[in-house]
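Asker: Final position of the sequence shown in the UniProt record's numbering is 402; the numbers increase by one with none missing.
Please note that a few of the clues may not be correct.
[Unchecked claim] Quick list of simulated restraints, FRET-style, between CB atoms: (1) Pro260 to Leu328: 22 to 30 angstroms; (2) Ala32 to Ala294: 55 to 63 angstroms; (3) Ser79 to Glu308: 51 to 59 angstroms.
Because the hints were derived from the structure by calculation, they are not lab data.
All residues carry an ideal CB built from backbone N, CA and C; glycine is no exception.
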Amino acid sequence: MSTPTDALQRLRRVHEDAVLSALRSAGGLSRAQLTERTGLSRTTMFAIVSGLLERGVVIETEGSAAEPRGRGRPAALVSLNPDAGLLLGLDLGRNRVRLAVANAAHQVVATASADLPEEAGPEEEAESAVRLVRAAAAERGLSLGALEAIGLGLVGVVDEHLPPVPLGGERSAVVPARYLPLARRLGEEFGVRLAVDNNARLAALAEATWGVARPVRDMVYVRWSVGVGGGFLAGGRLMRGAHGAGGELGHVCLDPEGPPCHCGSRGCLEGHIGGRGLLERCAAQGVRLPALDALVAAAQDRVPAVCEIVASAAADLGRVLAGTVTQLDPALVVVGGELAGLGSLVLDPIREAITERSLPRSSREIAVVPADLGVNASAMGAIALLLHEEPSIPAHLRPDVP
Numbered sequence: 001m002s003t004p005t006d007a008l009q010r011l012r013r014v015h016e017d018a019v020l021s022a023l024r025s026a027g028g029l030s031r032a033q034l035t036e037r038t039g040l041s042r043t044t045m046f047a048i049v050s051g052l053l054e055r056g057v058v059i060e061t062e063g064s065a066a067e068p069r070g071r072g073r074p075a076a077l078v079s080l081n082p083d084a085g086l087l088l089g090l091d092l093g094r095n096r097v098r099l100a101v102a103n104a105a106h107q108v109v110a111t112a113s114a115d116l117p118e119e120a121g122p123e124e125e126a127e128s129a130v131r132l133v134r135a136a137a138a139e140r141g142l143s144l145g146a147l148e149a150i151g152l153g154l155v156g157v158v159d160e161h162l163p164p165v166p167l168g169g170e171r172s173a174v175v176p177a178r179y180l181p182l183a184r185r186l187g188e189e190f191g192v193r194l195a196v197d198n199n200a201r202l203a204a205l206a207e208a209t210w211g212v213a214r215p216v217r218d219m220v221y222v223r224w225s226v227g228v229g230g231g232f233l234a235g236g237r238l239m240r241g242a243h244g245a246g247g248e249l250g251h252v253c254l255d256p257e258g259p260p261c262h263c264g265s266r267g268c269l270e271g272h273i274g275g276r277g278l279l280e281r282c283a284a285q286g287v288r289l290p291a292l293d294a295l296v297a298a299a300q301d302r303v304p305a306v307c308e309i310v311a312s313a314a315a316d317l318g319r320v321l322a323g324t325v326t327q328l329d330p331a332l333v334v335v336g337g338e339l340a341g342l343g344s345l346v347l348d349p350i351r352e353a354i355t356e357r358s359l360p361r362s363s364r365e366i367a368v369v370p371a372d373l374g375v376n377a378s379a380m381g382a383i384a385l386l387l388h389e390e391p392s393i394p395a396h397l398r399p400d401v402p
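Construct the entire structure; sequences and hints are all you get.
Answerer: In structure tokens:
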């Protein structure tokens, strides 16, 4: 149940967002100009700006003669502090780690990525992530002394029996066992608060925060890549589920007698239409491709066998999404990942399957659209997680605790 304190905090955040939005669009402004642009009262503006100054989100500089204040000195200007309060998002994928960095004004100021060696172990993944952060900071001239928090996107279902990483309030996430060295290494290296979630869910959160899903409150997102994952928004809130497995579309069973899946089930969607499964099906048709990027390029070049396999897989994905759409009734289905870049080749079969199988006699219209944010969506979603939560590093990850 929402409390009066919660309501006041939400209202203050709305007021802060209005001030930051004005500064992002106009640069430095006096308090009087901010009051005029935002419509806030002078008293409220004074309180909001004072709080932002105290946290280092904004800075105050001397105004120019063009900004007079009566007969005295020019009015001081308030502007964003680009060097304060850096937020860092990491997406640890199956073969690549991606990074996004946002400043105190919530602007993404840097992105970077690095390949992970085939079959990299947890320690090697951890060192790759740390090196990527250090290299990106050096290249962009960012001070990691201003780092406030790290959001971390991971592959797979979280394990409820592992030690929790608090994410604020009553909710917590946990670090899967194989990623614990990464979480510990980040804690040792940077010593800041840490938030953890599934990387496909984070991509959904990014699309809802900065991307194509901003106008809606109910959305189904699917990321079709080497693996298949997803994320759901209901009433504007990201659905994680009771055990952190919300959105695991890739592990919907297509065939109970199908091949075993690493999740422990059989015949999962991911095994059938994920990157490895598609490459195997292409090879069976005499088209041998080294990796998913090559498969996407072949489909873009309209290689017949590849296009037929991809379109068939898209129809399978659409049939799974039809069940999800029937249950959740979203306004929007967003398709991300490398395969979403193939446009109508994948989007049309998905639309057709949803139309045919999801309450076909209903008059509702559910748009199926490609994602906006591309390959950096999960890293940006890790930043969005930090903006929505107030996590801290737990005792068992801090370097000063045995």
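Asker: Are the hints correct? Go through all of them and say.
Answerer: Here is what the structure says about each hint:
1. Pro260 to Leu328: 22 to 30 angstroms: holds, 29 angstroms
2. Ala32 to Ala294: 55 to 63 angstroms: holds, 59 angstroms
3. Ser79 to Glu308: 51 to 59 angstroms: At roughly 56 angstroms between Cβ atoms, Glu308 and Ser79 fall inside 51 to 59 angstroms, so the hint holds.
The structure shown violates none of the earlier numbered hints.
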